[in-house]
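Participant: Residue numbers (our numbering), protein chains in the order written: chain L, 1 to 179; chain V, 1 to 179.
Some clues are possibly wrong.
The list treats identical chains as one, so a pair stands whether inside a single copy or across any two.
Quick list of in silico lysine to aspartate or glutamate cross-link-like pairs, EDC-like style, CA-CA up to 16 Å [as the list claims (entries may be wrong)]: (1) Lys-155 - Glu-104; (2) Lys-56 - Glu-2; (3) Lys-3 - Asp-146; (4) Lys-170 - Glu-24; (5) Lys-51 - Asp-146; (6) Lys-101 - Asp-82; (7) Lys-149 - Glu-169; (8) Lys-3 - Glu-64; (9) Lys-115 - Glu-65; (10) Lys-89 - Glu-128; (11) Lys-3 - Glu-135.
Worth flagging that the hints you see were computed from the coordinates, not collected in a lab.
There are 2 protein chains.
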Amino acid sequence: MEKSLKCENIFNGNIIKVERHRVELQDGSESYREVVRHKGAVAVVPVFEDKVVLVKQFRFPVNEELLEIPAGKLEEGEDPYDCAIRELKEETGFVAQEIQKIGELYTSPGFSDEKIHIFLARVVPYGEPEPDFGEFIEKVELPFQDIVKLIISGKILDGKTVAGILLSEKYLSGGEEND
Amino acid sequence: MEKSLKCENIFNGNIIKVERHRVELQDGSESYREVVRHKGAVAVVPVFEDKVVLVKQFRFPVNEELLEIPAGKLEEGEDPYDCAIRELKEETGFVAQEIQKIGELYTSPGFSDEKIHIFLARVVPYGEPEPDFGEFIEKVELPFQDIVKLIISGKILDGKTVAGILLSEKYLSGGEEND
Chain L
1 MEKSLKCENI FNGNIIKVER HRVELQDGSE SYREVVRHKG AVAVVPVFED KVVLVKQFRF
61 PVNEELLEIP AGKLEEGEDP YDCAIRELKE ETGFVAQEIQ KIGELYTSPG FSDEKIHIFL
121 ARVVPYGEPE PDFGEFIEKV ELPFQDIVKL IISGKILDGK TVAGILLSEK YLSGGEEND
Chain V
1 MEKSLKCENI FNGNIIKVER HRVELQDGSE SYREVVRHKG AVAVVPVFED KVVLVKQFRF
61 PVNEELLEIP AGKLEEGEDP YDCAIRELKE ETGFVAQEIQ KIGELYTSPG FSDEKIHIFL
121 ARVVPYGEPE PDFGEFIEKV ELPFQDIVKL IISGKILDGK TVAGILLSEK YLSGGEEND
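Chain L with its partners taken away, still in its complex shape (with noise of 0.2 Å):
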């Protein structure tokens, strides 16, 4: 346990926002830490057929296009279901049949509270992707086993990837994808 002496409030942006606390540590001693507060997130791995659906976006923090499981942030007060299914259809046009949570992640506890909250979804194409403003997604559709592939040979560098698709794999492999 640490306990907050004196939060200064740093910066108050649109996906976050920066504290710095000084906190008293469990021997009794004092220190800082920087917290950097989100909202939380959601991240689906849809299932359609043999395929997972993926995103392809630039990501400016690391000035590179990554390969993603879909995922956008909670609303305020937003259900993380709902905004998976949201954001589902947002950036992949596609719509789930049966959707089912397998986890929750904390991103960099270190530093963050950002929350993600993974969905596994039986999915079907609906319409065209309707991203949020700013958002330039490409859909690349991939059979599991070669993302799990790409997962071993370090080419999907997106950490809720690769926890979703590796958890998602035990409930696949599990037979419970028949439910």
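Could you slot chain V onto chain L? The hints should help.
Facilitator: Same frame as chain L, now just chain V:
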């Protein structure tokens, strides 16, 4: 591709720097990107006999104690291998007999450039842990498959730990642990 038109330096902390960029998007329109810069980190899946050595520690940003694989921040100019060996010894008191890199992950590429280098190591006990100032770490040794079960049941919430353990499983089950 998105081009930075102007960078505003918001915060220059010990662990993170925060920037706000005005950017030109793919279609020529303009927007803003909030970016958390981080020096990068390493994480190690340390295998001792049939067990993995984990660490339990309180994480201030999420206000929870988390069970994680040992990890730490890269020092300026430090080689990730050296960092992995150093952090493993500091946090657990174990040393690596064999170590291999199994991946690189961006923890949250939507707003941060933090990259974690993931290693798999065969380790042996060597001495007492020597945590950094402000780190209070409890060592926990668990059988590999027990950790996989904790992941599936949602008891392990740290993203790098979920990705690192499930990725390691691919190497260990593939017989590559006998190299």
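Participant: If a hint holds in the structure, say so; if it does not, say that too.
Facilitator: Quick rundown of the hints versus the structure:
1. For a Cα distance limit of 16 Å, the shortest separation of Lys-155 from Glu-104 across copies, 9 Å, qualifies, whereas the shortest one inside one copy, 24 Å, does not.
2. Only between protomers do Lys-56 and Glu-2 lie at most 16 Å apart by alpha-carbon distance; the minimum there is 14 Å, versus 39 Å within a single protomer.
3. Taking the closest pair of Cα atoms, Lys-3 and Asp-146 never come within 16 Å of each other, the shortest separation being 46 Å inside a single copy and 32 Å across copies.
4. Taking CA atoms no more than 16 Å apart as the test, Lys-170 paired with Glu-24 passes in neither setting, with 41 Å inside one copy and 41 Å between copies.
5. Taking CA atoms no more than 16 Å apart as the test, Lys-51 paired with Asp-146 passes inside one copy only; the shortest distance there is 9 Å, against 30 Å between copies.
6. In this assembly of identical chains, the alpha carbons of Lys-101 and Asp-82 lie at most 16 Å apart only when taken from the same copy (12 Å versus 38 Å across copies).
7. Taking CA atoms no more than 16 Å apart as the test, Lys-149 paired with Glu-169 passes in both settings, with 12 Å inside one copy and 14 Å between copies.
8. For a Cα distance limit of 16 Å, the shortest separation of Lys-3 from Glu-64 across copies, 12 Å, qualifies, whereas the shortest one inside one copy, 38 Å, does not.
9. Taking CA atoms no more than 16 Å apart as the test, Lys-115 paired with Glu-65 passes between copies only; the shortest distance there is 15 Å, against 23 Å inside one copy.
10. In this homomeric assembly, Lys-89 and Glu-128 come within 16 Å of each other (Cα to Cα) only inside a single copy, at 8 Å, whereas the closest approach across copies is 52 Å.
11. Proximity of Lys-3 to Glu-135 under the C-alpha cut-off of 16 Å is restricted to the inter-copy arrangement: shortest distance 14 Å between copies versus 39 Å within a copy.
In terms of the numbered hints stated before, the structure departs from hints 3, 4, listed from lowest to highest.
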